[in-house]
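Going down the list, the sequences are from chains A and B.
Sequential numbering from 1 applies to the first sequence in this note's numbering.
Sequential numbering from 199 applies to the second sequence in this note's numbering.
One should not assume that every hint holds.
[Unchecked claim] Ranges between beta-carbon positions, derived for each pair:
# : chain 1 : residue 1 : chain 2 : residue 2 : range
1 : B       : LEU441    : A       : ILE144    : 46 to 52 Å
2 : B       : LEU441    : A       : ASP46     : 39 to 45 Å
3 : B       : SER493    : A       : ASN14     : 44 to 50 Å
4 : A       : ASP46     : B       : PRO278    : 36 to 42 Å
5 : B       : ARG313    : A       : ASP39     : 43 to 49 Å
[Claimed, not checked] Below, a list of computed lysine-lysine pairs in the DSSO-like style, where the Cα atoms sit at most 30 Å apart:
#  : chain 1 : residue 1 : chain 2 : residue 2
6  : B       : LYS436    : B       : LYS268
7  : B       : LYS534    : B       : LYS242
8  : B       : LYS242    : A       : LYS196
9  : B       : LYS534    : A       : LYS49
10 : B       : LYS500    : A       : LYS49
11 : B       : LYS534    : A       : LYS196
12 : A       : LYS174    : A       : LYS49
13 : A       : LYS49     : B       : LYS562
14 : A       : LYS196    : A       : LYS180
It is worth saying that the hints were derived from the structure and are not from the lab.
Glycine included, C-beta positions come from ideal geometry on N, C-alpha and C.
What follows is the residue order along each chain.
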Amino acid sequence: MISHSHQIPTWVTNNTRVLDLGCGNGDLLAQLVNSHQIDALGLELDPEKIAKCLDQGISVIQQDLNSGLSNFNDQQFDTVIMTQTLQAIRRPDLVMSEMLRVGREAIVTFPNFAYIRNRMQLGLSGHMPVNPQLPNPWYDTPNIHLSTFHDFEELCRTLTIQILDRDTSNLSGKRTWLGKVWPNLFGEVAVYRLTKEA
Amino acid sequence: MTNSVGIVIPELVAFETPLDLERGGSLPRYDLMVESYGTLNANKSNAVLVCHALSGDHHAAGYHEAESDKPGWWDHYIGPGKCIDTDLFFVISLNNLGGCAGSTGPLSINPATGRVYGPDFPEITVRDWVHTQARLADYMGIEIFAAIVGGSLGGMQALQWSITYPDRLAAAVVIAAAPRLTAQNIAFNEVARQAIMRDPNFFDGNYANHDVIPASGLGLARMVGHITYLSDIAMGKKFGRNLPRRDRDADGVNFAVEQYLRYQGQQFSGRFDANTYILMTRALDYFDPTVDGLSTLPDVLKSTICKFLVLSFTTDWRFSPSRSEEIVDALIQAGKQVSYARLESAHGHDAFLLPDAPYERIFKAFMSRIHHDLREVQ
Chain A
1 MISHSHQIPT WVTNNTRVLD LGCGNGDLLA QLVNSHQIDA LGLELDPEKI
51 AKCLDQGISV IQQDLNSGLS NFNDQQFDTV IMTQTLQAIR RPDLVMSEML
101 RVGREAIVTF PNFAYIRNRM QLGLSGHMPV NPQLPNPWYD TPNIHLSTFH
151 DFEELCRTLT IQILDRDTSN LSGKRTWLGK VWPNLFGEVA VYRLTKEA
Chain B
199 MTNSVGIVIP ELVAFETPLD LERGGSLPRY DLMVESYGTL NANKSNAVLV
249 CHALSGDHHA AGYHEAESDK PGWWDHYIGP GKCIDTDLFF VISLNNLGGC
299 AGSTGPLSIN PATGRVYGPD FPEITVRDWV HTQARLADYM GIEIFAAIVG
349 GSLGGMQALQ WSITYPDRLA AAVVIAAAPR LTAQNIAFNE VARQAIMRDP
399 NFFDGNYANH DVIPASGLGL ARMVGHITYL SDIAMGKKFG RNLPRRDRDA
449 DGVNFAVEQY LRYQGQQFSG RFDANTYILM TRALDYFDPT VDGLSTLPDV
499 LKSTICKFLV LSFTTDWRFS PSRSEEIVDA LIQAGKQVSY ARLESAHGHD
549 AFLLPDAPYE RIFKAFMSRI HHDLREVQ
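Use the sequences and the hints to build the structure in full.
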């Protein structure tokens, strides 16, 4: 279980509308409802996780992110969050564009494939990394679109998405000073706050 | 009878104030047959209204007799510890106006003529039902329902409630429903109606005066309807190409599925009124919260205040998941609090009545939270 990056709450404004793509049990949204009185909505595929959202009073829609967000209006949300899900999506570029169509800002986190442990495993042993961050073998993994800080920022440029903030955290959601200095090498989780360039 | 509400006694509630009807005409007075389960709390905030579907009635949970093995139509979902938990909620279920299970309907005596209404019973709409249900709530002293819940045509009533009386419900649960019928839906209803009307015993709806019932037409209507309630998978699993059962009437029957449909048709024509069936299917056909497309669904839903739970079932082809998603999308567009699940099921439209672990888990989670919010308000 990867904890949510500590930066996320600091990037959300009180009493705003927040959409969480792949919201899981709704823990992050429930936390933001408590701390920021947000108007929360989650999208999730798994029925048991949907029930857990409802247990804590979080509204949730069963929806596959791969089918897009066409049921949402332009700029319907203040913030659209997607944590640790980008790498599991068929077309990350399309979802990113959609996030900033339906939301004013987006918060995206994903496992940094260029993290030193991954580099070591691939570079030294010649195997696809399998570790707490990426626990699945290559042939049976939801993580089909792994990327790095560099790759992600290149995509943002292509999509004319403006990076408002960039941060890193480890799997417990904490920032490490090495990650702050050399994110692409020592950042385990990439954390971005984005908006669409005017 | 564990987890059952036990023996229930229906109550006939009389309404002596005239009721003007949406599609013209009025009723000088009417009765509604009502059942309730659980206990209404001191500030009357824990009431849940259960709305029935096409052929349902007030008997939603428990038993009418001690020896009976036939519980109410939604007994699996209403009772102590169940999704609609009668330890927490006071649950009201009624036979809708125009029904044939005790409420005023085509089988009732028309006070103007002293004879059975029959085909002269006025057309009833979902809005009319919602108004009569609101009057029932007034009679019971219930200002705001904790939730209004229904499947299929019942779900449409819950949806209409949220629009017509937005401040009188905290939550609406809309299961296996649609925002309005498609041409195909209406077509199936029309085949059912034609089956009834072409029965020589129908007598333009005046069969009661001839002391007969259009049993074969009504049975045929039910057979057609029944096919649309089941999925191809469910029928295949249950009957496949099996031959008829020998221990039952198999006269002129080639396959088990034929035997089953005939049995269902017979059972139904023995308990249901043909004019009511026509009335209920017309109510379905005319249901349209957008008032015949004069408005859009998101627009009419703008005035709603309650939380919504919308549920659909993957193999339901009478009201498929995409129909429920029209409701969900409209609620999202209108900026409302809505939750939605598209439940995996092999049972088609009937799935909303049947046991299913994920369905129960999600439904119960939502209802428990409604009760939780109730306590916070107090």
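Hints and how they fare:
1. LEU441(B) / ILE144(A): 46 to 52 Å: Taking Cβ atoms as reference, LEU441(B) and ILE144(A) lie about 49 Å apart, which means the hint holds.
2. LEU441(B) / ASP46(A): 39 to 45 Å: 42 Å, holds
3. SER493(B) / ASN14(A): 44 to 50 Å: 34 Å, violated
4. ASP46(A) / PRO278(B): 36 to 42 Å: 29 Å, violated
5. ARG313(B) / ASP39(A): 43 to 49 Å: 57 Å, violated
6. LYS436(B) / LYS268(B): Satisfied, since the Cα-Cα distance of roughly 21 Å is no more than 30 Å.
7. LYS534(B) / LYS242(B): 25 Å, holds
8. LYS242(B) / LYS196(A): Violated, at about 50 Å.
9. LYS534(B) / LYS49(A): Holds, at roughly 21 Å.
10. LYS500(B) / LYS49(A): Holds: LYS500(B) and LYS49(A) sit about 29 Å apart, inside 30 Å.
11. LYS534(B) / LYS196(A): 26 Å, holds
12. LYS174(A) / LYS49(A): Holds: LYS174(A) and LYS49(A) sit about 25 Å apart, inside 30 Å.
13. LYS49(A) / LYS562(B): Roughly 14 Å between the alpha carbons, so the hint for LYS49(A) and LYS562(B) holds.
14. LYS196(A) / LYS180(A): 24 Å, holds
In summary, the structure is inconsistent with hints 3, 4, 5, 8 from the numbered list given earlier, while agreeing with the others.
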